[in-house]
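Asker: Protein sequence lines correspond, in order, to chains Z and F.
Under the UniProt record's numbering, think of the first position of the first sequence as 1, with each following residue one higher.
Under the UniProt record's numbering, think of the first position of the second sequence as 1, with each following residue one higher.
No wet-lab data here; the hints were simulated from the structure.
Fair warning: there could be bad hints in the mix.
Copies of the same chain look alike in the list, so a pair counts if it fits in one copy or across any two.
[What the hints assert, rightly or not] Taking lysine-lysine and the DSSO-like style, the derived pairs with C-alpha atoms no more than 27 angstroms apart in a straight line are:
no.	residue 1	residue 2
1	Lys-185	Lys-40
2	Lys-189	Lys-441
3	Lys-369	Lys-185
4	Lys-40	Lys-189
A quick note: this is a predicted structure, and the numbers were derived from the prediction, not measured.
Protein chains: 2
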Amino acid sequence: MAAAQLTPAHLSERHRPTLDQALEAIRTRAYWSPHPEHPKAYGENGSLSAEDGLAAHRATLGSRFDLDQPGTDGWTGGEVSPYGPALGVEYPHVDVDVLLPAMRAGLGAWRDAGPETRALVCLEILARISARTHEFAHAVMHTSGQAFVMAFQAGGSHAQDRGLEAVAYAYEEQVRTPREAEWSKPQGKRGPLELRKTFTPVGRGVALLIGCNTFPTWNGYPGLFASLATGNAVLVKPHPRAVLPLALTVRIARDVLAEAGFDPNLVALAAERPGEGIAKALAVRPEIRIIDYTGSTAFGDWLEANARQAQVYTEKAGVNTIVVDSTDEYRGMLANLAFSLSLYSGQMCTTPQNLLIPRDGITTDAGPKSYDEVVTDLAAAVEGLLGDDARANGLLGALVNPDVKARLEAAAGLGEVALPSREVVNPDFPDAVVRTPLLVKLDGSKPDAEAAYMSECFGPVSFAVAVDSTAGALELLRRTIREKGAMAVGAYTTSQEVERAVEEVCLEESAQLSLNLTGGVYVNQTAAFSDFHGSGGNPAANAALCDSAFVANRFRVVEVRRPA
Amino acid sequence: MAAAQLTPAHLSERHRPTLDQALEAIRTRAYWSPHPEHPKAYGENGSLSAEDGLAAHRATLGSRFDLDQPGTDGWTGGEVSPYGPALGVEYPHVDVDVLLPAMRAGLGAWRDAGPETRALVCLEILARISARTHEFAHAVMHTSGQAFVMAFQAGGSHAQDRGLEAVAYAYEEQVRTPREAEWSKPQGKRGPLELRKTFTPVGRGVALLIGCNTFPTWNGYPGLFASLATGNAVLVKPHPRAVLPLALTVRIARDVLAEAGFDPNLVALAAERPGEGIAKALAVRPEIRIIDYTGSTAFGDWLEANARQAQVYTEKAGVNTIVVDSTDEYRGMLANLAFSLSLYSGQMCTTPQNLLIPRDGITTDAGPKSYDEVVTDLAAAVEGLLGDDARANGLLGALVNPDVKARLEAAAGLGEVALPSREVVNPDFPDAVVRTPLLVKLDGSKPDAEAAYMSECFGPVSFAVAVDSTAGALELLRRTIREKGAMAVGAYTTSQEVERAVEEVCLEESAQLSLNLTGGVYVNQTAAFSDFHGSGGNPAANAALCDSAFVANRFRVVEVRRPA
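Could you put the whole structure together from the sequences, leaning on the hints where they help?
Answerer: Now the structure itself:
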């Protein structure tokens, strides 16, 4: 593509306005996105239509995904869609002793390009990803088990939003210090001391992105783009069940880097052989200076303790709580909660797990409701939402892996089942494992129940925990956040006093709170440029998406001073 | 002081303009300081004159330094001035099981005060410290061994600058996210989704400042004020030999907090009994969420590995290098280096240790100079600078502790002594241990010399390391930064090519570089608001003073969203 070289001028013309809008959005935190959510918005101006996206996806299946990376020493693959079919894609397996030095080779030129060019190159990568959102949607769907529309939005446009948000934060952070300064210090009668100073943001080296199974792009893009935009190379180590979306991403990034005159090896893929477990070995390599990880608490804690040569950003397990105190929109509350429990079969790090409901019941606009009534009505709301199999399939997607299914089956024995999990047939994908949410009643005062509700039960499992009072609920909320962490907290109350009290708990324990959601916004969804994902201040995650702390330590500023 | 209550309006009137100037200074990085360096600038407008400062200092000596802190369970002291006299001050010893919960009590109100009020309270604390700079100078002098003028400037005005700089960064970081936002997402034909969002910066809890012996205020203030301004309480654990400057600071902070209507226990002192070593126990307390530390690599590494519940900011040992390639100002270079080696007896973390000089000599404006000539001329420059005992005392100060003296004496055996260390008598303080710098020749190609020059030899010891070439010097520079870290690097060269090469090494290894300093700016001095102290990107320190990364993770932003 010699004729289509991406010069800084081209990049600036195409993407500087978008960067400026993103910078404005993170300042105002008003709604904004340049990435349409609707599948029909694509198919023109160079973006793939639904048909072309599907065709592109199908063309990839059963093929060898060559990336022309240094150190390729074989091929590996083995992804099987949660919807049934094996993908049959083979990825390069790499010798990291060859690849890592090659990834460092382009760092100097990438540093010298400066923050703006790096940001604009990242935006070009995101634009090309956006143009292929239909293709990515299939890749995300068939690795995560998300239903198509969710894969399109969460795995496509929203992931792109989060990537762009990270670029905006990274850019802003790097240009806060001027490139040059003249310094003149008065010395009374003597002439002033004068220095000329330059300040250069320099990346730390090679960053490692350890991808997850459920949200390979959404959870991967912030770290990937934050590291790349701050002058680092990025080695992408996908979850072995969710390689394809990140392999597509790496290919696009490499193409854009090369076209813009940079070393494509600044972004590379490290796919692993079954059972190889290369993340542990990679994480402690001296070349790896930054790690982004989404996954289990055990491995996240291991990374934080052992990858001491790196900055480590982790999103781990948490236990999300909803405090149900009172509501003046009972139907809306039930509908909203039913949706949150159902979306992607509860396989989101933000899905509510523990619903804390006073055992003496709550007041509502539909009259007082006992604990049992609230639970029964919620169960009915879920059943109503998912009564139609087509709609159920569209919301639930498929269980991402056998562990989730096993956990779901075991959870039915933890207490009284208020809503059993139902098997749903997906006519398009008969091998998909589709299950509706399980709702289990637990008595919050019984010590044996605590083992259940104080652990993350990842998947379509929620607990209706009977508590003595709203005050008791708030104490349990506090303890849950403090000990187990939380990505998202919700509360329903009509009382100003309770509202203040739950806010106080979330402020003191550092958790993100949604109050009285009864419409089309859900506690488990956040919007880039406006909502923070996690707080970085409780055990569920040591970083928030996205803030300055997420980007500011991915680079350092080197100062050179000389006599003026 | 009921009549002198500090209202937000008072605080804003007094300090908002200063805060705005500080914010502007960190953006432009031009010269700025509101804290006069000259001792004669004080004595009016409520500030202590030289006489009053000395009187205040003398009044403190031999007294009990009460802070009215919760949990006081006895008294401890024992500071002895490096200039000889025992200070005789006793400080409260605390039961941390009582003190730490008491320090948490005021966190909610401190959080609710918001970033601006917190910043302005910090500026009032700094203003009162500034007014007592003469008193602080004596306290710093008689704990660190700095000479009076240096104690006045580095321990007084420059430390205040670094504290104010940290407040400015902390403020700016907290107000980047708006307090409130309206969010309205279009939904096509349906009405938009609308949310009202609030964003609150919340501190992490109690921060621990572990002070150092040599620069109790300069190295202590950035962490102290960064933590306080971001909504944390701060427990100050001074070095047992340098309690007084930080005890004075804590008293002033407590007074100001109380007058402004906040809990004075947001800042407290933890003085320790001889040999008690409380830093280790404090550092792993669950209440401690942030730690700032300046000191040995061994304890810094221990903190990073073990204080896992806290954000840990460390400044540890490093080996500072000067590359001597060529100069067109030979006299200026020698004079500049002589001053840098002499200032505070080389007891600065930024003092040059290794001077890398090609064994075939260098070119200068005074003709070619052999390695031996450069070393001899530098030794003569140091001798000239320190030939007069009064001037020598004013530059050298006193050795801070017996370890430095022992190290200095041992270092004379490491190689050929080019300049022996000389004992200087201080007529005012005959017990002070005052020594001129030792300069030792080492052959960089000899493996047995490497053990010497590749370790930090803290104190008035420098090595003139003969290297094969400038290229060899750059390789040794790179290896030294990478393996041992560096707070400051200097280079002298008239070659554009060499200049670019040394810059490249510093960019790649993340070290701050001063080029061709021949006048009144020294490699071991940095100016707040303009120069970064350390890079945070090599083993000498994991943080730079001061940048966003130093403040952005001391608080988290808690978001609450509700239907609009």
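Asker: Each hint: holds or not?
Answerer: Status of each hint after checking the structure:
| no. | hint | in the structure |
| --- | --- | --- |
| 1 | Lys-185 with Lys-40 | between (61 angstroms within a copy, 18 angstroms between copies) |
| 2 | Lys-189 with Lys-441 | neither (81 angstroms within a copy, 40 angstroms between copies) |
| 3 | Lys-369 with Lys-185 | neither (72 angstroms within a copy, 33 angstroms between copies) |
| 4 | Lys-40 with Lys-189 | between (73 angstroms within a copy, 15 angstroms between copies) |
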